[in-house]
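Asks: Chain by chain, the residues run as shown.
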Amino acid sequence: MTRQGVIAPVEMANTAPTNVLVVGVGGQGVIMISKAVARLCQENGLEVKQSEVHGMAKRGGSVFSHIRFGQEVKSPLIPQGEADILLAMEWAEGLRWLPYLNPERGIFIADTQRIVPPFSCRDRNRGAESGYINTSVQELVEKVPNAFAMDATSVATELGNARAANTVLLGALSTALEFSQEEWHRVIAEAVPPKTVGVNKEAFVKGRHWVESGETATDFSSDNVISLKEPRESRLEITQAWCKGCDICVKMCPERCLQLDQHQIVQLIDEKRCTGCRLCEWLCPDFAISVEAK
Amino acid sequence: MGREPAGEEYYPDDEVEVLPLMGNEAIARGAWEAGVKVASAYPGTPSTEILESMANFPAKEVEAQWATNEKVAVDVAIGASFAGVRAFAAMKHVGVNVASDALMSQTYIGAHAGLVIAVCDDPGIHSSQNEQDTRLFCRLGNIPLLEPADAQEALDYTRLAFEISETFDTPVIVRSSTRLSHTRSPVRVGNRTEIDCRGFNENPQKNVMIPSHARLSHPKLIERESRVGEYFDQIDLNHWERGDQKVGIITVGTVYSYVKEVLPTASILKLASSYPLARETISDFCNSVDRVLVVEELEPVIEEGLKVMGIATEGKAFFPRVGEFSPEVVRQGLESAGVIESLAPKPLLEVEPLARPPVLCAGCPHTSSYMALRGLNARVLGDIGCYTLAAIEPLEAIDTCVAMGSSIGNAVGMAKAGTETRPLVATIGDSTFLHAGLPPLIDAVYNEVDITVLILDNSTTAMTGGQDHAATGKTLRGEQTNRVKFDELVRATGVKWVKTVDSYDLATLYQTIREAVEFKGVAVVISDRPCVLDPVKIKGQPFEIKAELCVACQSCMNLSCPALVWTDEIFDGHRKVKIDAPTCMGCSLCAQVCPTDAIRLQQRGSGNQ
Chain A
1 MTRQGVIAPV EMANTAPTNV LVVGVGGQGV IMISKAVARL CQENGLEVKQ
51 SEVHGMAKRG GSVFSHIRFG QEVKSPLIPQ GEADILLAME WAEGLRWLPY
101 LNPERGIFIA DTQRIVPPFS CRDRNRGAES GYINTSVQEL VEKVPNAFAM
151 DATSVATELG NARAANTVLL GALSTALEFS QEEWHRVIAE AVPPKTVGVN
201 KEAFVKGRHW VESGETATDF SSDNVISLKE PRESRLEITQ AWCKGCDICV
251 KMCPERCLQL DQHQIVQLID EKRCTGCRLC EWLCPDFAIS VEAK
Chain Z
1 MGREPAGEEY YPDDEVEVLP LMGNEAIARG AWEAGVKVAS AYPGTPSTEI
51 LESMANFPAK EVEAQWATNE KVAVDVAIGA SFAGVRAFAA MKHVGVNVAS
101 DALMSQTYIG AHAGLVIAVC DDPGIHSSQN EQDTRLFCRL GNIPLLEPAD
151 AQEALDYTRL AFEISETFDT PVIVRSSTRL SHTRSPVRVG NRTEIDCRGF
201 NENPQKNVMI PSHARLSHPK LIERESRVGE YFDQIDLNHW ERGDQKVGII
251 TVGTVYSYVK EVLPTASILK LASSYPLARE TISDFCNSVD RVLVVEELEP
301 VIEEGLKVMG IATEGKAFFP RVGEFSPEVV RQGLESAGVI ESLAPKPLLE
351 VEPLARPPVL CAGCPHTSSY MALRGLNARV LGDIGCYTLA AIEPLEAIDT
401 CVAMGSSIGN AVGMAKAGTE TRPLVATIGD STFLHAGLPP LIDAVYNEVD
451 ITVLILDNST TAMTGGQDHA ATGKTLRGEQ TNRVKFDELV RATGVKWVKT
501 VDSYDLATLY QTIREAVEFK GVAVVISDRP CVLDPVKIKG QPFEIKAELC
551 VACQSCMNLS CPALVWTDEI FDGHRKVKID APTCMGCSLC AQVCPTDAIR
601 LQQRGSGNQ
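Just so you know, the protein sequences line up as chains A and Z, in that order.
For the first sequence, the numbering used here begins at 1 and goes up steadily by one.
For the second sequence, the numbering used here begins at 1 and goes up steadily by one.
Because the hints were derived from the structure by calculation, they are not lab data.
Glycine residues also receive a C-beta, built at the ideal position from the N, C-alpha and C atoms.
Hints are supplied without guarantee of correctness; some may be wrong.
What the hints assert, rightly or not - Chain A stretches covered by chain Z per the calculated footprint, using a threshold of three residues with CB under 8 Å from any CB of chain Z: (1) 17 to 25; (2) 169 to 182; (3) 189 to 199; (4) 262 to 271.
Claimed, not checked - Think about it this way: if two alpha-carbon atoms lie no more than 25 Å apart in a straight line, the pair counts; the simulated PhoX-like pairs of lysine-lysine are: (5) K206/Z / K143/A; (6) K537/Z / K485/Z; (7) K246/Z / K307/Z; (8) K195/A / K537/Z; (9) K37/Z / K60/Z; (10) K251/A / K537/Z; (11) K485/Z / K251/A; (12) K499/Z / K520/Z; (13) K206/Z / K37/Z; (14) K206/A / K195/A; (15) K251/A / K578/Z; (16) K195/A / K539/Z.
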């Protein structure tokens with residue numbers, strides 16, 4: 001990348017509030033990071049409103065927190081297109097909230113790590129692809145003027161605690177807000193579990209240095225999507241004469257598409273559900289089932 | 001905040017400091033400052049933190065406790081008010097449905113000592129089964145209402161609510177919403193005012209609601225409505241901002257902040273309450289502008305009130321009756337009303353948002369129960385709690401979910417209908433069972449139906465963040481207390497077949513539920529394992545998948561476990577699976593369902609951590 005990456009600090013003396021949107025997946029520390037930012041602003045004499053949604057926060061769902069600060073703040077929610085900073089702890093979550101980013105001067109900071117939800121893996125057919133978003137880091141960096149995409153999770157993992165990825169990102173964010181490093185270190189120490197203060201401070205410094213060194217995107221290796229290019233359909237053949245109704249295949253079928261009929265012979269009850277995984281073929285002690293890819 | 005100071009008598013000059021408080025914390029603080037003595041609640045998002053923060057105040061000042069359900073919470077508060085001390089209850093919007101039986105009578109009785117109910121609505125249905133508007137309940141029960149717009153008002157209005165309650169002899173509802181409850185902003189807090197106990201008021205005509213007494217009370221309610229309305233006119237709570245006279249906007253609660261954000265120059269009347277309306281103030285405001293728009297979330301309560309008053313107004317013609325408001329929703333409404341010009345910002349990048357529904361956690365003890373029920377091909381009547389998440393793909397193991405405790409009653413009804421061929425299983429969490437599951441279980445025994453009830457006992461109220469209840473043996477303040485035992489409780493109702501089983505033992509769980517289903521009559525299975533997150537995080541040794549043994553059959557992926565992810569390694573056209581060790585809690589369920597024994601306990605020192 002040739003683009004100069006260092007973040008110009010957001011102007012905080014404006015009458016309009018400064019808007020920071022922190023997003024991620026439940027369990028990543030979205031709320032913890034937002035509280036730290038809000039606290040710092042409050043201690044600097046600014047009016048702060050921090051708004052979030054609880055409940056699903058621990059359940060792997062999408063989590064967001066709006067932080068607005070300045071001389072006077074009205075709406076606790078950032079209007080679309082007005083976020084000065086969008087801090088995303090997960091790739092697809094950053095993309096979800098992109099319409100909230102100020103299109104001209106908004107700063108986009110995201111972890112390139114993908115957390116693929118179980119819901120994206122529900123198509124189990126032969127050759128099925130993950131339902132995860134395929135917008136690449138490269139595409140984003142080209143379209144969004146002030147985008148910073150870093151593999152914060154790997155940085156944190158190298159430091160010995162993958163959970164500190166959020167403070168790596170906070171370090172990157174810190175370059176956009178004019179608070180001293182000492183102040184940041186103090187709010188981090190207050191926010192994270194006591195045992196992890198050291199690693200979190202290191203993580204913060206790593207994130208801050210990454211931006212200060214002029215980086216904008218770590219690498220594009222996470223953009224490489226493996227395509228299966230396999231036939232999608234499968235066909236199940238049952239040799240009824242060989243089936244003795246032992247029920248093994250019925251019990252083991254992950255998609256529950258087999259059943260014993262009234263003669264205790266196995267039958268396929270839902271052709272659409274069969275993914276062609278071949279478990280029934282392999283487990284049948286009587287070789288009564290075969291699966292073929294169409 | 002630009003809000004004008006309210007009547008002096010209600011805001012004694014005792015501000016001590018400014019604290020960053022969530023709306024819920026501010027409500028609790030307001031009640032505490034008002035000298036509340038007894039506070040009770042059943043947890044429910046977004047209201048849970050109110051009682052949790054109430055418990056941070058000294059026990060000698062306020063008795064704060066979890067109730068079995070919202071009706072009990074309100075009854076406890078009513079009892080304390082009868083006894084002559086200020087009393088408080090908190091709940092989410094649907095909790096009012098449960099509490100309404102008591103509330104609709106108590107409004108006839110009034111409030112001897114201050115009686116305030118905080119209700120948190122959930123517009124947008126972030127974590128609920130509906131988005132009903134509590135303001136309609138206030139109108140139904142003639143219960144005066146206060147609607148704060150931010151955390152400062154949440155504190156001030158809650159304090160004021162106790163004064164109104166005692167002055168007008170009425171319960172008062174303070175209505176919050178998800179946005180207010182979960183927004184943190186600076187609040188000027190004050191000291192606690194100790195209130196002397198009023199003692200019990202021996203007045204059967206007032207306190208005993210028999211028909212002859214209720215008939216006397218009802219006209220007083222109607223009269224009270226107009227007196228409180230006049231009071232809302234007099235005190236300086238409604239905030240009138242004079243601006244552009246072409247359009248006047250009447251709004252209430254958090255929506256006010258969106259209006260200010262989008263249209264700062266408008267004439268705005270921000271009401272303190274939608275019920276009863278400050279009619280005179282409203283009339284004056286409407287006369288001062290050319291066109292009146294009502295901007296209110298959910299139901300057109302104010303708009304209809306204005307129409308009854310004969311004021312030409314618009315509102316729901318431009319603003320939705322569903323969902324949560326935001327600056328965007330208000331902007332779009334004002335655009336369609338022709339008040340502001342349309343802005344169509346060009347997106348930087350068109351991206352279809354990823355579907356990321358909340359799921360059962362890695363290691364969740366509920367998962368196995370629904371795997372077993374899938375295997376049994378049961379008709380599963382669900383209930384309110386984390387386990388409702390088992391309804392979505394890939395588990396798809398819940399057929400219905402109505403309201404707290406409905407599962408068992410629904411199963412009774414389906415059994416009585418006599419048409420269902422699959423086994424009927426009601427699944428209900430421990431806290432939900434205590435809340436509203438016992439009466440329908442007794443009904444099932446009494447009416448002799450053939451159903452199975454699966455009590456998913458994870459020893460906490462998990463969905464709301466892990467609150468204690470009567471079967472955890474701990475109080476809201478974390479002190480040891482008596483503990484309800486489910487097997488004893490269930491047997492006492494007359495259930496003959498009760499078994500407790502370890503949730504992490506899938507085979508035994510499956511066999512036990514199968515036996516229960518085969519039993520003729522009411523059978524109860526208690527699946528027993530603590531929640532992996534609350535009260536303490538339970539992180540066991542993680543598992544790993546031997547890639548060379550994985551046949552990519554996706555059996556484990558049916559668990560919908562967030563720790564199981566696809567790899568780029570392909571076997572026979574399907575993706576192999578790996579375990580994300582930091583996410584894995586070590587529950588072993590995936591190892592139990594793996595047909596090729598590819599999933600093993602991670603060797604210490606190996607793996608990616």
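Asks: Under the constraints set out in the numbered hints, which ones does this structure not fulfil?
Replies: 1, 2, 3, 4, 5, 10, 11
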